[in-house]
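Please work from the sequences and hints to get the whole structure.
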Amino acid sequence: KLNETNSNSTASYIFSGKTSYLEQTSKKLYNYIDSNGLPFNFTDLYGKVSINGVTGSKVNFFGFSYNDRVRYKSVSDLNWNSWGVGSNFVVVPASSPALIMGKFNVSDYKISLSELDPINEGDTLNPRESRINGFNLGFDFKYFLGENEIKYGIEVNGFTTDFNFFNSVGRKIEQKNNTTELAGYIDSKIIKGLLVINPSFRAQYYASLRNFSPEPRIGLKYNISEKFRIKAASGVYSQNLISANSDRDVVNLFYGFLAGPDNLQDSIKLDNGKTVARKHSLQKATHAIFGFEVDLAKHLTLNVEGYYKWFNQLSNINRNKLYEETDDVEEVLKKDFIIETGDAYGTDFVLKYDNDKTYLWVVYSIGKVTRWDGIRTYSPLFDRRHNINLVGTQNFGEGWEVNARWNFGSGLPFTQTQGYYHTIDYSQGINTNITTANDDQLGIIYADLNQGRLSSYHRLDLAIKKHIELSEKSTIDITMSVTNVYSRKNIFYVDRITTERVYQLPLLPSLGVSWKF
Numbered sequence: 008k009l010n011e012t013n014s015n016s017t018a019s020y021i022f023s024g025k026t027s028y029l030e031q032t033s034k035k036l037y038n039y040i041d042s043n044g045l046p047f048n049f050t051d052l053y054g055k056v057s058i059n060g061v062t063g064s065k066v067n068f069f070g071f072s073y074n075d076r077v078r079y080k081s082v083s084d085l086n087w088n089s090w091g092v093g094s095n096f097v098v099v100p101a102s103s104p105a106l107i108m109g110k111f112n113v114s115d116y117k118i119s120l121s122e123l124d125p126i127n128e129g130d131t132l133n134p135r136e137s138r139i140n141g142f143n144l145g146f147d148f149k150y151f152l153g154e155n156e157i158k159y160g161i162e163v164n165g166f167t168t169d170f171n172f173f174n175s176v177g178r179k180i181e182q183k184n185n186t187t188e189l190a191g192y193i194d195s196k197i198i199k200g201l202l203v204i205n206p207s208f209r210a211q212y213y214a215s216l217r218n219f220s221p222e223p224r225i226g227l228k229y230n231i232s233e234k235f236r237i238k239a240a241s242g243v244y245s246q247n248l249i250s251a252n253s254d255r256d257v258v259n260l261f262y263g264f265l266a267g268p269d270n271l272q273d274s275i276k277l278d279n280g281k282t283v284a285r286k287h288s289l290q291k292a293t294h295a296i297f298g299f300e301v302d303l304a305k306h307l308t309l310n311v312e313g314y315y316k317w318f319n320q321l322s323n324i325n326r327n328k329l330y331e332e333t334d335d336v337e338e339v340l341k342k343d344f345i346i347e348t349g350d351a352y353g354t355d356f357v358l359k360y361d362n363d364k365t366y367l368w369v370v371y372s373i374g375k376v377t378r379w380d381g382i383r384t385y386s387p388l389f390d391r392r393h394n395i396n397l398v399g400t401q402n403f404g405e406g407w408e409v410n411a412r413w414n415f416g417s418g419l420p421f422t423q424t425q426g427y428y429h430t431i432d433y434s435q436g437i438n439t440n441i442t443t444a445n446d447d448q449l450g451i452i453y454a455d456l457n458q459g460r461l462s463s464y465h466r467l468d469l470a471i472k473k474h475i476e477l478s479e480k481s482t483i484d485i486t487m488s489v490t491n492v493y494s495r496k497n498i499f500y501v502d503r504i505t506t507e508r509v510y511q512l513p514l515l516p517s518l519g520v521s522w523k524f
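The sequence shown runs 8 to 524 under our numbering.
It should be emphasised that the hints constitute simulated quantities derived from the structure, not laboratory data.
Warning: the hint list may mix true and false statements.
[Unchecked claim] Derived DSS-like pairs (lysine-lysine); straight-line CA-CA distance at most 25 Å:
#1 K276 <-> K228
#2 K473 <-> K364
#3 K158 <-> K228
#4 K523 <-> K473
#5 K234 <-> K359
#6 K35 <-> K25
#7 K117 <-> K179
#8 K183 <-> K341
#9 K183 <-> K149
#10 K291 <-> K316
#11 K341 <-> K276
#12 K238 <-> K183
#13 K183 <-> K196
#14 K25 <-> K341
#15 K480 <-> K55
#16 K276 <-> K316
#17 K55 <-> K117
#18 K359 <-> K228
#19 K25 <-> K359
#20 K480 <-> K523
Please read all numbers here as calculations on a predicted model, not as lab measurements.
Below you can see the structure in the form of structure tokens.
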């Protein structure tokens, strides 16, 4: 940190870098898990420079590069690579109850998955790749009007997506798209006695889809007493980015991203049997939340929130695609992307205890998510019914601290396998010679979509930390930790053809030392 004695402004910088040698060292340290070593690698770099003015104005410059890789004999090569640079600033005008803020960021993210063919040794399956590169520019203005606040701003987003994918019947789906979005918003906080009102409005224009989306939103909080508060919120939301994964995976490791398409069917078949015309190409949803907070004791707080989300229109990869776009068949059988609708609802319970030496955090969530794709109602891959998080920290004095965390998640949906068959190319119609057309390509007969459930996930982690102060500006932290204390076999990957399973890491002790100066 640098001090400018003449102006009293300050400048500070930070740089961090870390890389993993686990694949090499684990052959000795963790050979009881896998004698060939653990196939995890990462290299992370981050840097930031901050300049702070005497009036409170400041500007930040930052950049990062994160690279991760997993290589299993069943998962040939899985890579995540991302980088970004950007800047943001806050200007505090003299003698003005206002803040002026701005930002500009550029980032890039790429994921690729190449799997070994379990049937033909040495071959690989069709690779899957996804990349998104974009920028974000925005300016915000915030005014303080006594206890009340008002904030407004404009924002410009642009991104490019490059997506290559194969659905469960082997049809290639690809998209390369450039899109630009322009948005403006106004947000306010109004305090009227014990009532806090947070109305806002966002206007978003999606240039690539030529669609305009007005989005009103509101939040309310009422302090019934010093110990009991109720809150509610509702709003309309839209987006032009969709995630994509494959039904052929038992456990999904590949999550791609692509811009919302405009090549969709002209009509939408609802789950009540009615058919309505498509009015836009956006993904839109309406959210509603209601909850309360109560102080049960001096250091004990309970927060309960229930929510319901109506997904009025979503875009998804067409798992029902069997034909090319030019074929004279129903749109639902030839389009790369289809329209879906759905709902998500549930309740979150958070119990928190916090005093000087003890911190406990207990979270339980119950929820359900459904989708309708025009043919069937199904549970998406992230529909987890129950989730529990228990986090605890105890300070014993003299720099000693113990941390514990236990997490439980009920099983996620997946599509089961009913059988296998040898594929035959019937592209020649009745002229196909089935006696010579047999090849070594194996086809899969899938069960109904996402009717199965994986085993539940749960894990306990423990850590003991000792904090040592060497001097006013120099400290050492020594941490001993154990991951997956009772060595739970949580699923990481399942090969659909061979049914071979790869589990997440078993009991894994570690020792870490950090020195700050």
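Hint check results:
1. The hinted pair formed by K276 and K228 fails the criterion: a straight-line CA distance of about 38 Å is larger than 25 Å.
2. As the CA atoms of K473 and K364 are separated by approximately 15 Å, the hinted pair is consistent with the 25 Å bound.
3. Using a Cα cut-off of 25 Å, the hinted pair K158 and K228 holds, with the two alpha carbons roughly 19 Å apart.
4. Using a Cα cut-off of 25 Å, the hinted pair K523 and K473 holds, with the two alpha carbons roughly 14 Å apart.
5. Taking the CA atoms of K234 and K359, the gap is near 14 Å; set against the 25 Å cutoff, the hint holds.
6. The straight-line distance between the Cα atoms of K35 and K25 is roughly 21 Å, inside the 25 Å bound, and the hint therefore holds.
7. Distance restraint check for K117 and K179: the Cα-Cα separation of roughly 19 Å lies within the 25 Å cut-off, and the hinted pair is therefore satisfied.
8. Taken as a hint, the K183 and K341 pair is honoured in the structure, with Cα atoms around 19 Å apart against an allowance of 25 Å.
9. For the hint linking K183 to K149, the alpha-carbon distance of about 38 Å lies beyond 25 Å, and the restraint is violated.
10. Between K291 and K316 the CA atoms are separated by roughly 10 Å; this keeps the pair inside 25 Å, and the hint holds.
11. The suggested pairing of K341 with K276 holds, with an alpha-carbon distance near 16 Å, which does not exceed 25 Å.
12. Of the supplied pair hints, the one linking K238 and K183 is violated, its CA atoms being roughly 43 Å apart against a limit of 25 Å.
13. Distance restraint check for K183 and K196: the Cα-Cα separation of roughly 41 Å exceeds the 25 Å cut-off, and the hinted pair is therefore not satisfied.
14. For the given pair, K25 sits about 47 Å from K341 by alpha-carbon distance, which is inconsistent with the 25 Å threshold.
15. Restraint check: the Cα-Cα separation between K480 and K55 comes to about 21 Å, which is no more than 25 Å; the hinted pair holds.
16. For a cut-off of 25 Å, the pair hint linking K276 to K316 stands: about 20 Å separates their Cα positions.
17. About 23 Å separates the Cα atoms of K55 and K117, which keeps this hinted pair within 25 Å; it holds.
18. Distance restraint check for K359 and K228: the Cα-Cα separation of roughly 20 Å lies within the 25 Å cut-off, and the hinted pair is therefore satisfied.
19. For the hint linking K25 to K359, the alpha-carbon distance of about 33 Å lies beyond 25 Å, and the restraint is violated.
20. For the hint linking K480 to K523, the alpha-carbon distance of about 8 Å falls within 25 Å, and the restraint holds.
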